[in-house]
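Student: Sequence:
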Amino acid sequence: MNIESGPGVMAACYGAGALLSLLLARWSGRLALGLSHLAAAAGAAAGLALSLGLLLGEPGRTLIQPLPNIFPFAKLSLSIDGLSAYFLLVVSVVAVAAAIYGPAYLRAHSPDAGSPRQAAQGFALNVFLGCMAFLCCAGDALTFLFCWEGMTLASYVLVVSDDRDGENARAGLLYMVMAHGGTALLLVAFLALTERAGAFDFAALRAAATGLNGPTRTALFFLALGGFATKAGVVPLHVWLPRAHPAAPSHVSALMSGVMLKVAIYGLLRFTFDLLAPVAGPLPFSWGWTVLFVGTTSAVLGVLYALQQHDLKRLLAFHSVENIGIILIGVGLAMILWRQSTGGALATVALTAALLHTVNHAAFKGLLFLGAGSVLSRTHLRNIEELGGLARRMPWTAGLFLLGAIAISALPPLNGFVSEWLTFQALLGGATRFHGPAGLVIVFSAAMLALTGGLAAACFAKAFGVTFLGRPRTSQAEHATEAPPSMIAGMLWLGALCVALGVAPGYAMRLLDAPTAALLHGPGASAVVTARGPLVLSTALTPSGANGTAISMTMVAALLIALSAMALVLRRGVRRAPPRVAPTWTCGMTPTARFDYTATAFAKPLRLVFAALYHPRREVTRETAGTPYVVRRIHYAGEIVDLAETHIYHRVEREISALSQLIRARSTGRIYGYIGFVLAALFVALLLLGVAY
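Per the working numbering, residue 2 is the first one in the sequence shown, and the count goes up by one each step.
For the record, the hints were derived by calculation from the structure and aren't laboratory data. Every residue, glycine too, gets a C-beta built ideally from N, C-alpha and C. Heads up, a few of these hints could be off.
To be verified - Using C-beta positions, here's what the derived DEER-type ranges look like:
1) Ala75 <-> Tyr675: 46 to 54 Å
2) Arg634 <-> His480: 35 to 43 Å
3) Arg634 <-> Ala497: 20 to 28 Å
4) Tyr508 <-> Leu192: 39 to 47 Å
5) Glu5 <-> Leu569: 49 to 57 Å
6) Gly9 <-> Phe72: 19 to 27 Å
7) Glu483 <-> Ala75: 39 to 47 Å
8) Gly400 <-> Arg634: 31 to 39 Å
9) Thr647 <-> Glu5: 33 to 41 Å
10) Leu569 <-> Leu23: 32 to 40 Å
11) Thr63 <-> Leu569: 45 to 53 Å
12) Arg572 <-> Ala448: 36 to 44 Å
13) Thr63 <-> Ala497: 44 to 52 Å
14) Leu23 <-> Ala638: 21 to 29 Å
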């Protein structure tokens, strides 16, 4: 497959997968499900080949292909430059794993395996993947918005695919409301540019943006930021995310968390650095600092809320809020430093860190969601308090989940450490470029990033330990078996990426050359971060450009392996008495799984420390045997409060309800009154339109 045919092959594969799902659903749901996922895997493989061909083979090239003119007022096209190719790579990497994993998961987990209802998920999956892939390749606003809406609708169908659960339906409704609120903001931003440009293609929008004054440019930026931040799940626009992601099938959760959120990051980068940026000079002051603040807030609050979750998929969803925040820290710092006299190559380091964390998060979060799906498919449980002891029963799943947990906790030598280390270096370097309050803000952001890393490690110590270690707490956990080979294969693919991107990240810098050079109009990532060679990562921390710090992840990995081997040899070489197995003294009581440390107990110290944030509520009831001194059973129920929900959305809901009641009181039941309301609304709309223009 050559580069020119890549988009056509992708479209053919995703289109065939969607069509086969519809045609074969009633005849053979199992066959439709398998073929649709096979087509999705082929489309993802074509996307991988296309993106790698552009990023490695022709890094400076922009592939432009016209699309059929279905609208007389607009020319549609694809325009695949370095940034598009990189995010197409992110989409395709996780899509391959999800397509391999999906059929076995759906057959094992769903009660209507092989039914037309389940086969229809293959249609939605191919539409979802196709829209995300071609959104990254869009060369005009119409194609971008069409794919954006298709991505939203297809993901909604997948979220509510199990509509027998009322909670899933409510999660889907909230997702649609939030998603279309964000889409409305994007529509206003794009239409304002297209009205000025007189065309929809990005080249015309880019040219039109050069004539914008400062306030208009900033207003369009904040409209776009609101729209993209809603889809990315940024605090306080995140309320849909911890509901919708757990409701979807687990391989779809991996795609939504690992890929769909990154598509929003792509949109923000495209709109800010490419379409809206001034021809010369730095970005407006408020843009970068706002993104840095939002990213820092999301990172800290995301991990704090994740710590108190005991639903495994909901816990992972909150960690997506955290990691999107980490990505935005890098993006915000790059916006602050770009084209500044003191910025130097540090803007490239910051953007490299953000883009690298984009693919790293896609890999380890996809792996973790697939691991959670394996647990769910074998036990039908998501509450980690009801699990335990799964490491012996599901060793492959446990090992791969542990790999993902180490990566997301930013521990060496895996990929999460690399991108967070680069983000730290960019923040530390940025703090030296600014004096006074600005420097203190960047130092504070670095401190919050450090706190985030420590809390993430604590959270996954809880998640892995309570789920996979100890003894089974329920019969479902006790009788669990290992996931099917195809599900293990999907996890192995992402696990291998976590290791490769962690041990040899320097070789991945070539993939980042095209997007960083295209956005910042300067040297690529490898010229800055791997200036000492592909085995050493270094960053320019001084204004003169000298390398202030460096690290070799390959050497770190080799050292860890050597130390582990030495410890193993010494352990076997030391003569010891043969081990004896003896019962544990438990004060005369028979030991049970209830003696094991629980997730609630593990998280309680942090719940007390951050009580001002959590506003914890608990209810404890005791069942006694006729006397308060003999307690038969204790019931404990606890919950925390999401401040965004209580202080923003609940208040908005109350105001809307009050307004609805007011309007209802004005309802007369007469058609003339309603016509009067319509005419009044039309008059106000025309008046506002006249003032605007």
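Student: Does each hint hold? Answer for all of them.
Tutor: Quick rundown of the hints versus the structure:
1. Ala75 <-> Tyr675: 46 to 54 Å: violated (36 Å)
2. Arg634 <-> His480: 35 to 43 Å: violated (25 Å)
3. Arg634 <-> Ala497: 20 to 28 Å: Violated, at about 47 Å.
4. Tyr508 <-> Leu192: 39 to 47 Å: holds (42 Å)
5. Glu5 <-> Leu569: 49 to 57 Å: Cβ of glutamate 5 to Cβ of leucine 569: about 53 Å, so the range 49 to 57 Å holds.
6. Gly9 <-> Phe72: 19 to 27 Å: holds (21 Å)
7. Glu483 <-> Ala75: 39 to 47 Å: The hinted range 39 to 47 Å is violated for glutamate 483 and alanine 75, with Cβ atoms some 52 Å apart.
8. Gly400 <-> Arg634: 31 to 39 Å: Check passed, 37 Å falls within 31 to 39 Å.
9. Thr647 <-> Glu5: 33 to 41 Å: violated (54 Å)
10. Leu569 <-> Leu23: 32 to 40 Å: violated (55 Å)
11. Thr63 <-> Leu569: 45 to 53 Å: holds (52 Å)
12. Arg572 <-> Ala448: 36 to 44 Å: holds (39 Å)
13. Thr63 <-> Ala497: 44 to 52 Å: Distance hint for threonine 63, alanine 497 is violated at roughly 31 Å.
14. Leu23 <-> Ala638: 21 to 29 Å: Given a distance of about 45 Å, which is not inside 21 to 29 Å, the answer is violated.
Hint compliance for this structure: hints 1, 2, 3, 7, 9, 10, 13 and 14 are not met, and every other hint is.
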